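Chains as they are written, first to last, in our numbering: chain A, 1 to 765; chain B, 1 to 280.
Bear in mind the hints are in silico, worked out from the structure with no lab data behind them.
Where hints are given, some of them may not hold.
[As the list claims (entries may be wrong)] In silico EDC-like cross-links for lysine to aspartate or glutamate, where the CA-CA straight-line distance does not exceed 20 Å:
1) B:Lys271 to B:Glu111
2) A:Lys581 to B:Glu159
3) A:Lys602 to A:Asp707
4) A:Lys581 to B:Asp234
5) A:Lys282 to A:Asp336
6) B:Lys239 to A:Glu567
7) B:Lys35 to A:Asp688
8) A:Lys743 to B:Glu27
9) A:Lys334 to B:Asp153
10) B:Lys237 to A:Glu579
11) A:Lys746 to B:Glu27
12) B:Lys257 to B:Asp153
13) A:Lys265 to A:Glu241
14) A:Lys743 to B:Glu61
15) A:Lys746 to B:Glu61
Small disclaimer: the values here were computed from a predicted structure and weren't measured.
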Amino acid sequence: MGYIGRFLICIILLSGINFILHAQDSFVKGKIIDKTSNVPVPYTHIRFVKNNKGTTSDLNGNFKLEFESLEDSIIISSIGYSKKLLVIKDLINRNDINIYLVPLSTNLDEVAVIAERINKKQFINSISNNQYSINAQQIKNLPSISGESDIIKSLTILPGTIKGIEGSPDLFVRGGDADQNLIIFNGAPVFITGHLFGFLSVFNPDILGDVTMHTGGFPANYGGRLSSIIAINSKKADTSEWNYNLNIGTISTSIKAEGPVIKNKLSFMGAVRRTYIDQLAKVFSSEVPYYFTDVNTQFDFNINKRFSAQYHFYMGEDIMKLRRNRNDTSSTNKTDFVLQNFTHTLSIRGNLNQNLLSILNIYYTEFKYKINSQFEDNSLSAVSDIKEYGIKHNLVYTINNKIKTEFGYEIINHDISPNLLNTSGEISDFISSSKGKSREVPEWSIYGTGEYHFNKLKIDIGLRLSNIILSKNIFYFNPEPRFSLNYQVNNRMTLNLTYSRMVQYLHRVSSNAFTLPTDLWYPVTKSIKPQKSDQITFGTSWNPGSLPFVVKSGIYYKYMKNLIEFEEGTNLTLSNDFESKLVQGFGNSYGWELFIQKNEGKWLGNLSYTLSWSNRNFKEINNGKSFRSRYDRRHNLIFVNQYSFNDRWSVSVLWEYLSGARFTPILGYYAMINSSSTGVSLTPQYPDRNSVKLNDSHRLDLSITYDHTNKNKFDWSVKLNLYNIYNRTSPVAIDVVYDEENKNYKYEQPGLLGFLPSLTFNAKF
Amino acid sequence: MQNFEMRTLICFILILVIQGCLPEPLEVDNIPTLKKQPVITSVNFNETFLNLIITQNFTVESRVSGDNIHSLIQSLLVEDLEIMITTNNQQFLLTEYLEGVYFNPEIPEKEGNIYKLSFLDPYSQDSVKAEATLMEKISFSELETTLLYTEFDTLLNIEFTINDPLGKNYYMINTQKVSSDYYLLQSPYVELIEDNSDSSEHIISSSFTIPFEDFAPNDTILVSLSNIEKSYFDYLKQKDSQRLILIDELSEPINYKSNVINGLGFFTLFKPDIEIIRLE
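Okay, chain A solo, but in the shape it has when bound (with noise of 0.2 Å):
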């Protein structure tokens, strides 16, 4: 397809930081090591958080401050990396403290009240406002559908982040829709994130390093989508030693295997994942006509000691084959059905000096699903797809400690090819043959910002300029301002106010009732608008100190508009019809999110709790009428527990209690006489939009792990994973059904999953 030509490079670097502190007298003395490649990181600035007065670490890290007093605390910070907040009096007991300061993904600094000391199997490492991250690697141990942990599907413990059906891998951030979230893998989007039609993330949990999900506040440098960008990472490969991963789960196998290829220069990493049932079905002679299968490979090369280069590519397949009799052999009555996913991501970064670091990514994403099918003389394929070539150059210039600016571009090609159909036979009467509306549309988009300290206050200014073009003369333009002002009240709390606007040219066309993975997705049109909203955010995050709790609180108002929804009606099975069917109105949400986390000793948590409002409002729906949208679930309360017995056993529990999501049952049927007089046929009749609440729901998950580490190299861990432990109801919709017992219909609610059980086996060599 030559587009493995387009990755063509130059530049740019990385470095880390590790950190050894050191309290002599009054002095701290240290070194700044970056986590992931143990490299040491020049130029990181120390300050303290009382006088603000500082210095900055040598081409070493190393670094030597006096201090004035053993409350005071110094912020740690390098363009590139999380800031981090040490009380010095926490320091000076220690005789060789390791602090590591993270890579952000995003690049972006963060306001975080983050405790040094915090377990290091918290998955939760970071938590502002409107930003968290979560370690990859630490949610294996969390409960899951099928015992394999879901990067995707773990979010929702997350404040603002409401889930949708049980199992699917939508997610509903701050009152916005399910195709409003960026979710990004080392820089390329990624458009259908589940196998298995949803139940389980096409991320593969081996390869993960850190997650951050932007829910508000947004930086600059990031946009295209209304409610939250969720920026994914694959970890660093093993640049000193080749070692093995082996995860046995329920559904599927994954193997995983990095080391270097020139140490300390180029390493690499190479992850498979397949199901198995499939396979495992053959053996008794029966038939399982489903598997999927990814594959992710990865070099990281360290250029030199300020640069370094990352390729990493993904391939996902889902794979069914339907025949009507498994012996039959013939092609006249089948149906195939592939989804596929790739992306090709190549990133470098480095210092181009002491004061400008460069990060550079490069990208090909394609998503595409095919069907085709044959009955008889019936017959008919379907290919969807949508390519996006990208390019983002990030620059970070850190003019003092008091004063950072960061700005850069981004150009996005994208390339889709919606529904392109192909039927014959009687079935062509229903779905005609279409050659679909492809579309190619480049959008580019310029960035910059601006961040001050001045004592206590820290103020981020930044405007994004978005621009799509259609054609030579149509194009829309975006100014989108964002604004984040950060007042440190004390060491402990911090106060936090964000403005921003975002902008989304590119929708995903689904159904109000249910997502599929075959929903298409379509950029805007002259007669489609871009959505647009606003958002402002008022929080704050404390730290006791004395007791091992972080808290977070924060209130939100969000308003958007130019949403996307469908006459009423639309039937949209593959429909190439459904920009005339396509309505645009408004809607808001608004609501209070809780934080509370535990992060030293034994036992960890995580309590979040959000109490929210959506709405929105069409013109041409609901008879002009305001309706609450699907998933306005009123209350969310997730709590998360780890607790680690010893080295070896270690417990998580999560409960959950959710808000019932909204629905729009029938509500009754009227009969009419048909066209010609000689029948009846029954139409049905619905209430409001979205005017019944499903029950509500709550469930409890269970794991229990043991770990067997030994000094034989031969590590393993046998996961046992208890979902829905109590085996009660999600609803997911209220259907209509037959009362055998009592001869008459009824309206019931199902649910999807019940008590699932299901074991792990993960071996390291």
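Mind docking chain B on chain A? Use the hints.
Showing chain B alone in chain A's frame:
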């Protein structure tokens, strides 16, 4: 044999596991009350052109299986209504009521006339209103049927020509089988046609094939052509768009178009041109 037993055992265990994993559906107790409303539907008879059946809507719990639908309709009929038809400044009560059908043979039948309907909703006492225009009768200029033999089916193809009068026009062609005792079988296949008002040609020639229905030589079919109003055409289009919906309960909610104020259904008047053909 051993394989078979093993397969059976595995299937049995799998079914048990899957059944065990499926949570019990929850009951529903918060469905809004359905507002009772009159439903208007027009019926075409040879004897009289304006015939109405008035029923009421009903709840999901009252739904019956397909075999019992006619007894359900009987129970839903709304009787003793005073239905007034106004046309050309003349008013007529639908005084006749026979097997659920309201009509009055005195009402003048004139193409192009507007007929206004009104009566009092017995449930809410609101005034129910609707109006329809009796459309000009248009006949087939040519009509030809052909059986198409495929590897698996014998399909019916219909070729037709219509003399399309001036102005924007909408047509409906209904096709259905007729039994040996001239009883119309099932619902018709409906083909909807919209003319091209920009065209200087006033002839529509086209054809269509009825999918997923087997025909055979010597079958008798009824083909009717009706000139209909745009509002009724839009309603039929809307119905047609739902052909591929398999489960109403899980589909996109839809409020069907209606030209009835304070009621449901559709009041429409048209005069079909009917052809009965024996297939060869």
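Given hint Glu27 (chain B) paired with Lys743 (chain A) - CA-CA distance at most 20 Å: Within the cut-off at roughly 16 Å; holds.
Restraint check for Lys271 (chain B) with Glu111 (chain B), where alpha carbons must lie at most 20 Å apart: holds (9 Å)
Distance restraint between Lys581 (chain A) and Asp234 (chain B), which requires alpha-carbon spacing of 20 Å or less: holds (14 Å)
Proposed proximity, Glu61 (chain B) with Lys746 (chain A) (alpha carbon, max 20 Å): Roughly 5 Å between the alpha carbons, so the hint for Lys746 (chain A) and Glu61 (chain B) holds.
Given pair status - Asp153 (chain B), Lys334 (chain A), alpha carbons within 20 Å: holds (18 Å)
Restraint status (C-alpha distance of Lys743 (chain A) to Glu61 (chain B) at most 20 Å): Given pair Lys743 (chain A), Glu61 (chain B) holds - Cα atoms ~10 Å apart, limit 20 Å.
20 Å Cα cutoff - pair Lys282 (chain A), Asp336 (chain A): holds (19 Å)
Proposed proximity, Glu241 (chain A) with Lys265 (chain A) (alpha carbon, max 20 Å): Given pair Lys265 (chain A), Glu241 (chain A) holds - Cα atoms ~12 Å apart, limit 20 Å.
20 Å limit on alpha-carbon distance, applied to hinted pair Lys746 (chain A) and Glu27 (chain B): Holds, because 9 Å separates the two Cα atoms, which is no more than 20 Å.
Given pair status - Glu159 (chain B), Lys581 (chain A), alpha carbons within 20 Å: violated (31 Å)
Holds or violated: Lys602 (chain A) to Asp707 (chain A), with C-alpha atoms at most 20 Å apart: At roughly 15 Å apart (the allowed maximum being 20 Å), Asp707 (chain A) and Lys602 (chain A) satisfy the hint.
20 Å Cα cutoff - pair Lys257 (chain B), Asp153 (chain B): violated (35 Å)
This entry does not satisfy hints 2 and 12, going by the numbered hints stated previously.
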